Amino acid sequence: MKRLQPQRWSSSVLSPQVRAGCRLQRRIQHGLRYQTTTTPFPVTEAEAKQPIQDLVPPPKKRSSRSAISKHSLPSPPVKAARESAKLAALHARLYLPARLPLETLARTLVDESADPNPDFNNESLATLGHDLLTQYTSEYLICTYPRLPMTVIFAAMYAYVGPKTLSAMVKEWGVELAVAPGGEVDPGHLQFKRLDPGVNPNQPLKNPNRPYENEATWRRSISSKIVYDDVFGEPVRASVDPRQQVQSADRYAAGVTPEQACSQFVRAVLGAIYLHAGRPAAKRFFEQHFISRHLNISDLFNFREPARDLSRLCARENFEPPYAKILSETGRLSRHPVFVVGIFSGKDKLGEGSGSSLLEARSRAAVASLKGWYLYSPLNVRLPNSMEEEGAAPWKPVHVDLGEVIV
Amino acid sequence: MTVQGIRTVTSARNGVGAFILQCKRLDFHYCDWAGSSRGMVSFLKHHLPSFAKANPQIEIRVSPRPHKHPVIKGHYVNGREKAICVRNLEPEQIFNKANLLKAASGEKLKRTKKPIASLNESVRGIWDPYHGGFKSV
Amino acid sequence: MFSRTALARAFALPIEQQCARFSVARACLHSTAAAASTTTKTTSTSPKNAHPTSPLTATPHVQTSSSTTSTTTSTSTSTSTSTTTTTSSSPIDLKKPVAPTFTSPLQLTQSLLAQLPQLTSQRPHYIVSHLHDRPYLLTQGDSIRLPFLMPKVKPGDVLRFNRASVLGSRDFSLKGSPYVDERLYECRVRVVGVDAEPLRVKEKTKRRRRHVQHIKSKHKYTLLRVMDVKIKTAEELLQEGAVVV
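Top to bottom, those sequences are chains A, B and C. At position 165 of the first sequence the residue is numbered 165 (the UniProt record's numbering), and the sequence of numbers has no breaks. At position 40 of the second sequence the residue is numbered 40 (the UniProt record's numbering), and the sequence of numbers has no breaks. At position 150 of the third sequence the residue is numbered 150 (the UniProt record's numbering), and the sequence of numbers has no breaks.
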């Protein structure tokens, strides 16, 4: 096997019988990629206005030029997707629909920092996938738990579709990260430009649309986070202003963290499924890969003053004011006393908790009763996105709660 | 700020929704000269294409490893790998070994006594002596 | 001997394509006349019913790429070859669920009909499912390591447990005598893989014989994952043809 003689094929290329020119040109066209490598992003105002198609020259003009080798390309050529064993294995491992071609899957693996050309990176797919992900997740959360406080919804969104979860999913899918992007890389690797060591990836972001952004010490309310911030309650990254796009290209020139690149990839996969296989396939993918993961929502609460919150809640809901009562106790004078305290409103027990002091037991009981209120879940939950399908049953309004207690 | 949210990460439950085969790659190493890989070469020639066709989730690499015994190496999603030496084995035995690597979870082999592992809380609750009418503890 | 890169530069050829051509040739070499003796195991005869409408089966759906392809990793003289595979025929047809063999419709008593909503409306549920007469208390998402190797299953298969003694929630439970009718609930598990225990070595000795016999054993176990535990509501049961006695 070692002795694959170069003479055999080189003679076929060199021999006068074969029209070498034809073969050479065919090969050149194979390796050619219709992509601008010199000016990846529109720099000037005039260029920014014209559509992307004009920037990419028509293929016939390019074929007359010299062939571009794979090493000069920023990301693997489109044709390489068919030849990658890794990519086909990934496609099969994720049970992706057959209508999603390997080329698109290869494109979802190319981050914006690896290839700035929007025709060849996954940024557009990831944008679509991110919107779908957040929409489906928020619908699921709000319809299943209509009384969740907004901060807990932010935390649950982060747990389901946050960047940490998405990068963990990439690892569980068996996707390997390329060390550095390039045209010669196997398209089955996730390709992105890594951040240089010493660069802080968590620099505070500023949203120019938000008023009083420069007042660092001012408190940011939850309602302003709903309006101005992203789905996790964090300041948004990219601005909508097209003039800022050049800056965003500069931003990616520094590189991205693996976590960012992984999350972009997962979003892009969902976007690609939505585009190629349609909405039902995207929803099924979402349910099978995201909602099926395990999250205990009652662990996401952190109460400061549960007893006060509970009394305000009872006042708001016109319940009788809550009072705490010792249900059971043991060893009051010993080193390890245990008190079991229940909180009642009238004759109804709202919750109970146990602790080694009366105050601890009471606050645990208050937490239990508050969680019992906030974690209410209706029986047969139907999500609003089920109305998008053909022949769906008429919509019945879901329960919408007043929201959390404001003290 | 009455309630704060605690940020966590959801944990995976492979198989509840989607199922991902844990074996992601199989490497087949053989030697052209040595007699111990006669069965391996025959397996590669006759059985491997059908095996690969039946398991498209697995990336398969074949490479010679001269003057060494033939080896199948499985690479798993969790980053571990398992290697099986298949010297002097018949093609059918090698096929069984490849299937073993394919079905393995990739975890380190452990002795466990409990058949069930759960992430959920106990459904029926945990017994304590303060409830259920036990007046004296 | 010419190096490949030099030749490629001489003819202005992309380097990787030559490598790709080499490896294609190699892959074809291996896959010549290999259609014979495929070992296609059909697992339709699993002990429990397979999931009838599950979109995910053990073998994935039709792959897009049509032929066996291959890549090489670098331009050096690495000779590793990778082949990918493709299936063009859908394996779903092979795995038909076993048809139910019930002769009479499910009979619900009035008391069960009155009590069932209390059980179904309280979540989560557990089920005590029996497999080879061993009870397993299962909730959704649990992973099971069976104490034996289940035959004729492969990773990705979906089984349905149809023998349960108790269905329950926190405050309510429905006990069967000895088993609950399998039309009252759905419990599906997925075969995740096969695990093995570490090798055990047992030393056996006989008296007055200076010889120690080492007996090795390494058992295999099937790993399962509980996909869902669902107790059907009274309305669903009546829709499916249950008769109130």
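Everything labelled a hint here was simulated from the structure, so no lab data went into it. Given the structure is predicted, the values throughout are model-derived calculations rather than measurements. Just to be clear, a hint being listed does not mean it is correct.
[Stated by the list, open to error] Straight-line C-alpha distance at most 25 Å; calculated SDA-like pairs for lysine to any residue:
id : chain 1 : residue 1 : chain 2 : residue 2
1  : C       : Lys206    : B       : Val9
2  : B       : Lys113    : C       : Lys218
3  : C       : Lys154    : B       : Val71
4  : A       : Lys371    : B       : Val9
5  : B       : Lys114    : C       : Val166
6  : A       : Lys171    : B       : Glu92
7  : B       : Lys110    : C       : Met150
8  : B       : Lys82     : B       : Val41
9  : B       : Lys73     : C       : Gly168
10 : C       : Lys232    : B       : Lys110
11 : C       : Lys154    : B       : Leu100
12 : C       : Lys230    : B       : Leu119
13 : C       : Lys152    : B       : Leu119
14 : B       : Lys114    : C       : Lys232
15 : B       : Lys114    : C       : Leu146
16 : C       : Lys154    : B       : Val9
17 : C       : Lys218    : B       : His131
18 : B       : Lys108    : C       : Asp171
19 : A       : Lys396    : C       : Arg170
20 : A       : Lys283    : C       : Gly168
21 : C       : Lys154    : B       : Glu92
22 : A       : Lys325    : C       : Asp171
23 : B       : Lys108    : B       : Gly132
24 : B       : Lys97     : C       : Gly168
25 : B       : Lys108    : C       : Lys230
26 : A       : Lys349    : C       : Lys218
27 : C       : Lys216    : B       : Val41
28 : C       : Lys154    : A       : Ser292
29 : A       : Lys349    : C       : Met150
30 : C       : Lys232    : B       : Arg111
31 : A       : Lys371    : C       : Pro117
32 : B       : Lys82     : C       : Val128
33 : B       : Lys114    : C       : Pro117
34 : A       : Lys79     : A       : Pro101
35 : C       : Lys220    : B       : Asn78
To see whether the hints hold, each was checked on the structure:
no.	hint	in the structure
1	C/Lys206 x B/Val9	violated, 57 Å
2	B/Lys113 x C/Lys218	holds, 15 Å
3	C/Lys154 x B/Val71	holds, 23 Å
4	A/Lys371 x B/Val9	holds, 20 Å
5	B/Lys114 x C/Val166	holds, 20 Å
6	A/Lys171 x B/Glu92	violated, 33 Å
7	B/Lys110 x C/Met150	holds, 19 Å
8	B/Lys82 x B/Val41	holds, 21 Å
9	B/Lys73 x C/Gly168	violated, 45 Å
10	C/Lys232 x B/Lys110	violated, 38 Å
11	C/Lys154 x B/Leu100	holds, 10 Å
12	C/Lys230 x B/Leu119	holds, 18 Å
13	C/Lys152 x B/Leu119	violated, 28 Å
14	B/Lys114 x C/Lys232	violated, 29 Å
15	B/Lys114 x C/Leu146	holds, 10 Å
16	C/Lys154 x B/Val9	violated, 30 Å
17	C/Lys218 x B/His131	violated, 46 Å
18	B/Lys108 x C/Asp171	violated, 39 Å
19	A/Lys396 x C/Arg170	violated, 30 Å
20	A/Lys283 x C/Gly168	violated, 31 Å
21	C/Lys154 x B/Glu92	holds, 18 Å
22	A/Lys325 x C/Asp171	holds, 23 Å
23	B/Lys108 x B/Gly132	violated, 43 Å
24	B/Lys97 x C/Gly168	violated, 42 Å
25	B/Lys108 x C/Lys230	violated, 33 Å
26	A/Lys349 x C/Lys218	violated, 54 Å
27	C/Lys216 x B/Val41	violated, 30 Å
28	C/Lys154 x A/Ser292	holds, 22 Å
29	A/Lys349 x C/Met150	violated, 48 Å
30	C/Lys232 x B/Arg111	violated, 37 Å
31	A/Lys371 x C/Pro117	holds, 24 Å
32	B/Lys82 x C/Val128	violated, 35 Å
33	B/Lys114 x C/Pro117	violated, 33 Å
34	A/Lys79 x A/Pro101	holds, 12 Å
35	C/Lys220 x B/Asn78	holds, 20 Å
Hint compliance for this structure: hints 1, 6, 9, 10, 13, 14, 16, 17, 18, 19, 20, 23, 24, 25, 26, 27, 29, 30, 32, 33 are broken, all remaining hints hold.
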